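Asks: Chain A is fixed; fit chains B, C and D onto it per the hints.
Protein chains: 4
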Amino acid sequence: MEYFPSVPEVPYGGPRSDTPLSFRHYNPKETILKRTMEDHLRMSVCFWHTLCWNGRDIFGEDTFARPWLVRSDMEGQKAKVDAGFELVRKLGVPFYSFHDVDVIPATDSPKEYESYMAEMTEHLGRRMEEGGVRLLWGTANLFGHRRYLHGAATSPDPEIFAWAAHQVRHAMKATQALGGENYVLWGGREGYETLLNTDLRQERRQLGRFMRLVVDHKYALGFDGTLLIEPKPHEPTKHQYDYDVAAVHSFLSEFGLLGEMKVNLEVNHATLAGHSFHHEVASALALDIFGSVDANRGDPQLGWDTDQFPAQTDEMTLALYEILNHGGFSSGGFNFDARLRRASTDPIDLFSAHIMGIDTLALALRRAVALIEESTLSSFVANRYRGWSSDFGRHALGGDCSLADLSKQVVESDLRPEPESGGQEHLELAVHRTIYR
Amino acid sequence: MEYFPSVPEVPYGGPRSDTPLSFRHYNPKETILKRTMEDHLRMSVCFWHTLCWNGRDIFGEDTFARPWLVRSDMEGQKAKVDAGFELVRKLGVPFYSFHDVDVIPATDSPKEYESYMAEMTEHLGRRMEEGGVRLLWGTANLFGHRRYLHGAATSPDPEIFAWAAHQVRHAMKATQALGGENYVLWGGREGYETLLNTDLRQERRQLGRFMRLVVDHKYALGFDGTLLIEPKPHEPTKHQYDYDVAAVHSFLSEFGLLGEMKVNLEVNHATLAGHSFHHEVASALALDIFGSVDANRGDPQLGWDTDQFPAQTDEMTLALYEILNHGGFSSGGFNFDARLRRASTDPIDLFSAHIMGIDTLALALRRAVALIEESTLSSFVANRYRGWSSDFGRHALGGDCSLADLSKQVVESDLRPEPESGGQEHLELAVHRTIYR
Amino acid sequence: MEYFPSVPEVPYGGPRSDTPLSFRHYNPKETILKRTMEDHLRMSVCFWHTLCWNGRDIFGEDTFARPWLVRSDMEGQKAKVDAGFELVRKLGVPFYSFHDVDVIPATDSPKEYESYMAEMTEHLGRRMEEGGVRLLWGTANLFGHRRYLHGAATSPDPEIFAWAAHQVRHAMKATQALGGENYVLWGGREGYETLLNTDLRQERRQLGRFMRLVVDHKYALGFDGTLLIEPKPHEPTKHQYDYDVAAVHSFLSEFGLLGEMKVNLEVNHATLAGHSFHHEVASALALDIFGSVDANRGDPQLGWDTDQFPAQTDEMTLALYEILNHGGFSSGGFNFDARLRRASTDPIDLFSAHIMGIDTLALALRRAVALIEESTLSSFVANRYRGWSSDFGRHALGGDCSLADLSKQVVESDLRPEPESGGQEHLELAVHRTIYR
Amino acid sequence: MEYFPSVPEVPYGGPRSDTPLSFRHYNPKETILKRTMEDHLRMSVCFWHTLCWNGRDIFGEDTFARPWLVRSDMEGQKAKVDAGFELVRKLGVPFYSFHDVDVIPATDSPKEYESYMAEMTEHLGRRMEEGGVRLLWGTANLFGHRRYLHGAATSPDPEIFAWAAHQVRHAMKATQALGGENYVLWGGREGYETLLNTDLRQERRQLGRFMRLVVDHKYALGFDGTLLIEPKPHEPTKHQYDYDVAAVHSFLSEFGLLGEMKVNLEVNHATLAGHSFHHEVASALALDIFGSVDANRGDPQLGWDTDQFPAQTDEMTLALYEILNHGGFSSGGFNFDARLRRASTDPIDLFSAHIMGIDTLALALRRAVALIEESTLSSFVANRYRGWSSDFGRHALGGDCSLADLSKQVVESDLRPEPESGGQEHLELAVHRTIYR
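Line by line, the protein sequences give chains A, B, C and D.
Counting with our numbering, you get residues 1 to 437 for the letters of the first sequence.
Counting with our numbering, you get residues 1 to 437 for the letters of the second sequence.
Counting with our numbering, you get residues 1 to 437 for the letters of the third sequence.
Counting with our numbering, you get residues 1 to 437 for the letters of the fourth sequence.
Quick caveat, the hints were computed from the structure, so don't treat them as lab data.
Computed from a predicted structure; not experimentally measured.
Mixed in with the good hints there might be a few duds.
[Stated by the list, open to error] Derived pair list, reagent style SDA-like, types lysine to any residue, alpha-carbon separation capped at 25 Å:
no.	chain 1	residue 1	chain 2	residue 2
1	D	K408	C	K408
2	B	K78	B	W53
3	D	K408	C	A404
4	A	K408	B	D216
5	B	K408	A	G208
6	A	K408	B	D108
7	C	K408	D	A220
8	D	K408	C	L258
9	D	K111	C	L258
[Said to hold, decoys possible] Listed next, the stretches of chain D that the computed footprint assigns to chain A, with coverage defined by at least 3 CB atoms under 8 Å from CB atoms of chain A:
no.	stretch
10	15-24
11	267-277
12	332-343
13	351-361
14	417-426
[What the hints assert, rightly or not] Listed next, with one range per pair, are the computed distances between beta-carbon atoms:
no.	chain 1	residue 1	chain 2	residue 2	range
15	B	M74	D	F4	35 to 43 Å
16	A	G398	B	D400	36 to 44 Å
17	D	R416	C	G398	53 to 61 Å
18	C	R89	D	V411	30 to 38 Å
19	B	H123	D	M74	53 to 61 Å
20	D	D62	A	G398	29 to 37 Å
21	A	K29	D	D57	47 to 55 Å
22	C	R394	D	D216	12 to 20 Å
Beta carbons: idealized from backbone N, C-alpha and C, even for Gly.
Chain A extracted, bound-state conformation (with noise of 0.2 Å):
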């Protein structure tokens, strides 16, 4: 069954194309610092969002009357697995994602549960190879059950915290079949609603114990894709425990994981926790745990998680800057973990959604690369931090002078330090420029 029938596949049509579903700047095989845009971007079509989300919200029903919802058995799940793999193939992405629970019927029974992921990993290798489409990451969903009402791996009840580990592991199994590059983790409910009936040290140890646990199982199984950990500062919980970079290194660092996991960077996530985007791609690659991105955005006057579409150029651009100067995605890449609004129920709205991110991420690309080529910025830093070059930056940095020796130098030498511009606006010109032309 074709579920998008008046839907082509979508082309590149470049910069000037009139095509309503066609691409102005994705040209996949286009190679360009090096890589194809195809590689450079390793996009990934989210099943979870995409294709399980049928339009509710918290004041109001179902929205979409998707087709391939209607039946919730295993054909069901299959049937919204085939509209999947159309939408992949048609939008010409390498990648898709998807949580357990969204290929599989809902079940208490830890057997059932596990011979169904069992038949739909077939399934879904099956269709992976007759579309040419690759597995970007799979994960377990470990926050929609009612098990899972006060997290899972911190779930005061050790027998939820070992239902978590049944889920990972055979979605982890799953993943490993379908040639996964990476597994991701998401704390759903990894947090507190309330400090009052809640042990911090006790939880921490728990998730350090789970994650560690998922660590070694990987090594045990051979699976040779990356963990991702992806932040998120709350909702639903009031506070979750990744919640940002920081948060994610810190936990790390406690429980001996540094090395082991890295992060999935959500946009919307960062900005529910206070920082810019930018932040926090450049802080993850500061820290080397830089691994891989969900590509959406949110509303800048609303305090929730609206996994809007991206189509700020100009946020992903400067991501792309930080990314490409590191050398680029290993095994991550962008998975939309975006939203359709839910007033928007024509099925084409699917097409022009995914077509605005792929184009947003892609033009992003493009001004990077152009960033990149001018060297306005990275000149400019280098400049700045000159003096750290001269014989006493070295020596301050990293001699062994003491905090002692280098006041008495200020007082020999009578220092009195003139501060240059950071010249900001300069460098803001010199973006808007190369973004905007």
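Replies: This is chains B, C and D only, laid out in the frame that chain A set:
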């Protein structure tokens, strides 16, 4: 000279006292939970906001016309200090705190700076002895002088880094000489204004180096106080490196400084970072880096540091509940890093504000002790995590089981765990009943 | 059938009561400032959140398993209503409130809707009579059904506008039949998701027209309750037209509706709009459009409507202080538009939550009365503006002087006015002393 | 004296210009949509931020060392003005704007104030004539002097109200004499710090009176410029009475001032109030009170007015799209109420910043014109509301039908309307394609 001639020493009057300038809750020598209130709370008057600020804000000129700010030379500085000690004495709190530049004339000369600090250390020492007042902490202001435009330790100019070392050396020397119990480092401009001109990795490295120099200097000096970092997310900077407790823990971990430095938490900094103050206190305690508190409050509708005197008994009760449960302060205490409103131009307002702050903390202490004694919270929490003391729980958390083992057990026992109620409203009601009685 | 067999009617136990399910502050028949507490507070249980919500959130499935939600047909609806009346009776509050769809089965048929409403109005009437319970307000849910995707009165489709009229007609009819004291209009989706597809002027005009139709209908019907608009800034929409008190006043002014409609203020809606609840109450009173209150609280760190049961005695005290100073409620009251936390799965939690809310308001009432009696605030304010009662003040404010006249007087008298202290901390201390005793 | 000797007049260089200090998009005399770019944009340099601020912030001292700020007497003021005109001339923008106290020495004497204003009006007039520069607006600073501690028009002291009248009289006189096209009233401290000491009704009445006096004075004077109120939600106050467009409309309605005053919208004030700038522009246009714009941008992570130079082409494009659709500016224009970052200490930074701002607006104008010409948005919107032009729609919106009539029609026709897609992503994609090309 007496600066507040109309104000006597503020007495404890008991919970129904009608004397305007009296305490209703703070009875310093009263013993409660094995310590005097004075020793539990270890309150401190902050010289910066309280003595040095003359009411100017970003949109308007001075409003306070403090008599002790008429002259800015050394005589003027001594007048300011004297006004401060009069205030401390009349409020009956045991501590004060200060920045280097709070008490000396402005100068660009390293030598003059040094000699001013030496002279003022003597003056402060005399006044402390006369008044029986102690020093909670000293610090250096590394953000006000124009040389610190781009930060101090994280300045792109190593000579500015060295100037910061010069100031810290002498501020710490003064702190040691005056028997200070802590030395604080607030990273006022240690952060960035724009990532466009910033080398994050380089600046983190500089900051790590600076802190290491400070730690080594402390040992070299034989200073036995605690070193404290004060988290703040932003303002005046776009982003400050010591954003919140998690960021500080991440930083201390990266640079091998865990165990050497603790945090000085400020209420309004916590809330600007998107956390409840309760969260930051509980997190610092869970990570073993809790040190001291700057007591104030913010305005939930305003996005800058309003630094208002504390009045929020509920918030401070929960913070004290956590602190007491972990054994109370060691070297830290409650410092009033709070400012009058700019329109509170009557000198008496300084007393009303401090009395409100002191009584808020005193009442919060009494209520926190009641929470501990009633034990509704602690019993609930203990019971909630009881599963982790079972064989299964201990096995899951600490045994040599693997993820696969847990998964298998879920299947074998066909586990279908039912979560219990988190009882949030039940606990909130218990807290409400204890605080409001 | 009894839904809460283990819970007796909740008694007043006095301020030191140790009975878990008892009131410490709410003594309904106690007279205070010339009215009984019951008549001052006019509290109401809200059927929507309390009875209809089963614990689902945007990330997870139902958690509550309410026995009265097993069936959704008319029998199921009656069971739900009966559970509600049992709750109201045991809590001893005088009022309840409901939406049309809270108490009838879902239907797309206009006729079925009408007949369901008629049948249920009778059932509700019987239960009210049996229990001595009154209706604070009725309302129609114009946001849950998918037809209201783009709003109801502001839908681009006039047939949807007409459907909204249909619902309001029957919901108001039920409200009138049941002796409801108010009728509420909450503009759940009366706003926009994106300005790109929105004709603001057209939608405002539709909303103005709808409200005019509602007002006229009220008179046609002879319904003598108050019409209330409930401001909310956003959620689920990006922007709601009844954003805050000022926006509602602007709207009522534009469409000639001042005097016809008042506001139903919700605490958490106020704070989401960037205002203190105190501000919204004081503003509505100053603009003569204050009507009623939805009592809950938000979470200062979260950017969505958490609808928590009120516990913030200080905030509610100041709101009640304003309300009492303006003569108290007329037709309005305090409705608990509050939800349990999703993890509070024990039916007893419903009682703990309501008891906390009721006692919070009862204590706030007692404290607000104390503030009035002590008169520190009112005296200070009266004195502060005394200048406006002087000749010069009356002349400036109300005389026939011109701007130029005033300017000339400034020059002639060489005026150099000195502002007095605003005394903020002095007043905050007075409030603190009154609330915490 | 020339203050920027190294900077020539900034030329238009076209979209690929590599000259650092040149415009790529602003070509003042180019005609586009029937007006020159200069006439469309009516850009203005603001003397306050640009000339008077020396880099001080709340945490640190001056950083800029402007040569024109060395003296503060009348000679110093004239130097400042001369620097300003040099800047305006070299940037080639047609307008400037100023506050009274931006250009005169500080004084407490009403007479001196008057004579300073008279003298400076002459000096400004000469410079305007020489440079062919026009005045977009004048204003009085009613918030910086300590007498305005509690506001100006809303001060509790009527003598302070009168002083404000004195300043407005002379600032308006200067504005008229200099041919200013608007006169602005920004309520810097017209609001409250705490409701505890505030009589809201009294202060609103004072503000209404003041505005009425200003309006009457305008007519008495024969000044034919537009009066503008500038909304801002808070800062420095806790709450400002002209919070946002809705609050200003509510205020103008209450005091019968609709038609007499319009709004001067500032981008960063809009976002601090929780609105997109697009929203505030569209709302002001829909309410017929749109006047002028202070062009800057805020920082989405910071909660204060950062007043950064505009660079956000997408946001300004949508604003210009609305403005052009309503006929463009009449007396208003784009004033750069923007500040350099404190660390941008190089005088050239002033030029980089203005060039960025000017080019951002110029490009936004070009893109907005493209949006109008392509008409995707306008066609979609027209089609979306087509139902309101049907018989049923006209009947519902404007006929003499009642609520009951509409309800009956729903039943009779058994209406079951199906909503159409809102097409948000489709429209966002169209905007993206137009802006980024």
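Asks: None of the hints should be skipped; say for each whether it holds.
Replies: Do the hints match the structure? See the list:
1. K408(D) <-> K408(C): 66 Å, violated
2. K78(B) <-> W53(B): 16 Å, holds
3. K408(D) <-> A404(C): Not OK: K408(D) and A404(C) at ~61 Å, beyond 25 Å, violated.
4. K408(A) <-> D216(B): 16 Å, holds
5. K408(B) <-> G208(A): 21 Å, holds
6. K408(A) <-> D108(B): The hint holds at about 15 Å.
7. K408(C) <-> A220(D): 15 Å, holds
8. K408(D) <-> L258(C): 28 Å, violated
9. K111(D) <-> L258(C): Not OK: K111(D) and L258(C) at ~45 Å, beyond 25 Å, violated.
10. 15-24: holds (count 3)
11. 267-277: holds (count 4)
12. 332-343: This one holds; 3 residues, not fewer than the three required, reach chain A with a Cβ under 8 Å.
13. 351-361: Since 6 is at least three, the answer is holds.
14. 417-426: Three-residue rule met by the stretch 417-426 of chain D, so holds; n is 8.
15. M74(B) <-> F4(D): 35 to 43 Å: At roughly 41 Å between Cβ atoms, F4(D) and M74(B) fall inside 35 to 43 Å, so the hint holds.
16. G398(A) <-> D400(B): 36 to 44 Å: 43 Å Cβ-Cβ, so the 36 to 44 Å window holds.
17. R416(D) <-> G398(C): 53 to 61 Å: 59 Å, holds
18. R89(C) <-> V411(D): 30 to 38 Å: 36 Å, holds
19. H123(B) <-> M74(D): 53 to 61 Å: 43 Å, violated
20. D62(D) <-> G398(A): 29 to 37 Å: 34 Å, holds
21. K29(A) <-> D57(D): 47 to 55 Å: Since the Cβ atoms of K29(A) and D57(D) sit about 51 Å apart, the hinted range of 47 to 55 Å holds.
22. R394(C) <-> D216(D): 12 to 20 Å: Once the Cβ atoms are compared, 18 Å apart, the range 12 to 20 Å for D216(D) and R394(C) holds.
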